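Visitor: Listed below are the residues making up each chain.
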Amino acid sequence: MSQTAQSQTVSDERVKEMSALRRALIRPELGGLVGIVAVFAFFLLFAFDSGMFGSQGVMNWSTVSAQFMIIAVGACLLMIAGEFDLSVGSMIGFSGMMIAILSVTLGWPVWLAIVVTFVLCIAIGALNGYIVIRTGLPSFIVTLAFLFILRGFTIYLPQTIERKTIISGVRDVAEGDWLASLFGGKILTGFFTWLGNAGLIETFERGTREGQPVVDGIPMLIVWAIALVVFGHILLTRTRFGNWIFASGGDAEAARNSGVPVSRVKILMFMFTAFCACVFATCQVMEFGSAGADRGLLKEFEAIIAVVIGGALLTGGYGSVIGAALGALIFGVVQQGLFFAGVESSLFRVFLGIILLFAVILNTYIRRLITGER
Amino acid sequence: MNTRTTHEPIIRMVNIEKHFGSVIALAGVSVDVYPGECHCLLGDNGAGKSTFIKTMSGVHKPTAGEILFDGKPMHFDDPRDAISAGIATVHQHLAMIPLMSVSRNFFMGNEPLKKIGPLKFFDHDLANQVTMEEMRKMGINLRGPDQAVGTLSGGERQTVAIARAVHFGAKVLILDEPTSALGVRQTANVLATIDKVRKQDVAVVFITHNVRHALAVGDRFTVLNRGQTLGTAQRGQITPEELQDMMAGGQELVALEESLGGTI
Ligand SMILES: Nc1ncnc2c1ncn2[C@@H]1O[C@H](COP(=O)(O)OP(=O)(O)O)[C@@H](O)[C@H]1O
Ligand SMILES: [Mg+2]
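In order, the protein sequence lines correspond to chains A and B.
My numbering puts the first residue of the first sequence at 1, with every later residue one more than the last.
My numbering puts the first residue of the second sequence at 1001, with every later residue one more than the last.
Worth flagging that the hints you see were computed from the coordinates, not collected in a lab.
Treat the hints loosely; a few may be bogus.
What the hints assert, rightly or not - Non-contacting residues of chain A with respect to chain B, defined by C-beta distances greater than 12 Å in every case (computed): (1) 37; (2) 48; (3) 51; (4) 101; (5) 108; (6) 144; (7) 152; (8) 155; (9) 179; (10) 234; (11) 237; (12) 243; (13) 247; (14) 316; (15) 346; (16) 354.
Stated by the list, open to error - Now the in silico label distances, taken between C-beta atoms and shown as ranges: (17) B:1073 - A:111: 38 to 46 Å; (18) B:1117 - A:186: 25 to 33 Å; (19) A:166 - B:1019: 42 to 50 Å; (20) B:1019 - A:155: 45 to 53 Å; (21) A:264 - B:1168: 42 to 50 Å; (22) B:1112 - A:189: 39 to 47 Å; (23) A:301 - B:1112: 34 to 42 Å; (24) A:109 - B:1065: 18 to 26 Å; (25) A:301 - B:1168: 28 to 36 Å; (26) A:155 - B:1168: 29 to 37 Å; (27) A:115 - B:1112: 36 to 44 Å; (28) A:354 - B:1125: 50 to 58 Å; (29) B:1044 - A:253: 20 to 28 Å.
Said to hold, decoys possible - Some residues of chain B that are not near chain A, with every Cβ distance over 10 Å (derived): (30) 1007; (31) 1017; (32) 1020; (33) 1070; (34) 1091; (35) 1233.
The structure displayed is predicted, hence computed values, not measured ones.
Even for Gly, the Cβ is constructed at its ideal location relative to N, Cα and C.
With these hints in hand, go ahead and build the complete structure from the sequences.
Guide: Quick look at the structure:
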């Protein structure tokens, strides 16, 4: 046999050099970036005078985007690891309700209510993951079950305990609580007062808050969003665990055979998704001062859509946290921008559907580019 | 030819049985593998070859039987145990993840770390550099370490997988049908790689159902048939025709071969 003679010539002259454009195209963030530019260009052109780009307007869509971002980070890492969580929205309602019941109805200190709720919800996330791993069922079905189970409890508990579906009074009991301020407080308030005094941002012109800036600080919600995005991005791209996330979603069997602890990775990602839902819920409860049984409805789909717009593949193994954050920003800007521009808000859904379709088609095309499959 | 058997075997599989429910995939198979030899495992589809090497690489726990690694009994709970003991496996399917870069695939499960403060991060620079170097040694010119494995040909993927196993210091390299989906030239490359690896004193377990591929590089040959072994033969002690017959489980192929004019 003459196999040795040929071993030097493996390089394949038929593989074309990749153009810079193609190279840029296979970055998962590309769709999100293009979307952001388009969305901002649109609103700058057509809604510049609407107040959307004043300090209050900016704070408004930033806050809404931050909400989307928090759950998108969890959904993104989980999707790259090859799984879905449809119970995110119900988890938001459930954990908000737990905090309210424990702190207002049972009179626990708010920090304890928050800690217990986080532990409980992360445990439910782990249970989701454990059932998926043990049964081998699609996570779609398992978490769909939890979508109903958790929502059911979220309505049942306050109704049997207090005979109503909204529990308010959280803000009063949270006053001065150290942990609550980590979710409901604001930072840089001194800086914004200074900006107001210096005339750099708008201030109230009359009323009890005359002279104070209209925007008096950055809500912790936004701080959480940025922190989670940075954490998620570094975890995914710069750590060993990140490589395991890609591998688990790319091909669980191949990853397992290479020594990647796939079950552990997936269960941890379910727990992280639950954690993100809990952060969302706690911020929301602290902001509204109440918990409602219908909170978080449809959030799981909004999170998944943001992630897909951000370039992640529904089939797992590919995606980007930065992309998901951009997807969430597109969401926030469009939703609030339409509101500022006075457009009927139901059109937002139309926009969502269309952009989702576009994103999925683009992603499928990109996938072919990367893997060279036809 | 027979000098290798004077060493101790690196791995001894003694009377391995594996049942999947009512299916008896392995009914007591014994094989010894020595450092520096290429041990070919032959058999028709469904003979139990993949199942056998999966018990060797920690994917399956044997229903009965014993595994001695370096003379000591071993119990692998999962593939990680086998990998850290020095048993690297290139599985028949699913060896690489197409969506991930060559470099990420190369180091999958073995990521190099660099410390920044108290935290440990994936050392991409080192990973990329090593990957490019190893690929060049194997004669594969990558566009870059971030090229996705999905863009490589089947033979190149096998070569990446083999290079990865050798790089991480495998003492036993198991290749499950690495040539079955390849073209002529790619097959030749993989066989040449096996030969290279064997000369580095690594024990190679080479699974194939192609007798010619086996005879090209094999030192010893074990034939599996319906979950049983018909014994191990040395190179030179067995003819291609005999091997072929053993694989088919008897004489029926001879008749067929005659009617086809000896082309199988
Ligand atoms: N995980 C499994 N569960 C049930 N049966 C299996 C499993 N893996 C293999 N088998 C059966 O064991 C036998 C041997 O399969 P395999 O080892 O893959 O054969 P080979 O690799 O020699 O073609 C086949 O009959 C196959 O159906
Ligand atoms: Mg097989």
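Visitor: Taking the hints in turn, state whether each one holds.
Guide: Structure-based check of all given hints:
no.	hint	result
1	37	25 Å, holds
2	48	40 Å, holds
3	51	43 Å, holds
4	101	38 Å, holds
5	108	34 Å, holds
6	144	26 Å, holds
7	152	38 Å, holds
8	155	41 Å, holds
9	179	25 Å, holds
10	234	8 Å, violated
11	237	8 Å, violated
12	243	5 Å, violated
13	247	5 Å, violated
14	316	9 Å, violated
15	346	37 Å, holds
16	354	27 Å, holds
17	B:1073 - A:111: 38 to 46 Å	53 Å, violated
18	B:1117 - A:186: 25 to 33 Å	30 Å, holds
19	A:166 - B:1019: 42 to 50 Å	58 Å, violated
20	B:1019 - A:155: 45 to 53 Å	49 Å, holds
21	A:264 - B:1168: 42 to 50 Å	21 Å, violated
22	B:1112 - A:189: 39 to 47 Å	45 Å, holds
23	A:301 - B:1112: 34 to 42 Å	39 Å, holds
24	A:109 - B:1065: 18 to 26 Å	59 Å, violated
25	A:301 - B:1168: 28 to 36 Å	43 Å, violated
26	A:155 - B:1168: 29 to 37 Å	54 Å, violated
27	A:115 - B:1112: 36 to 44 Å	37 Å, holds
28	A:354 - B:1125: 50 to 58 Å	42 Å, violated
29	B:1044 - A:253: 20 to 28 Å	24 Å, holds
30	1007	25 Å, holds
31	1017	22 Å, holds
32	1020	16 Å, holds
33	1070	20 Å, holds
34	1091	5 Å, violated
35	1233	19 Å, holds
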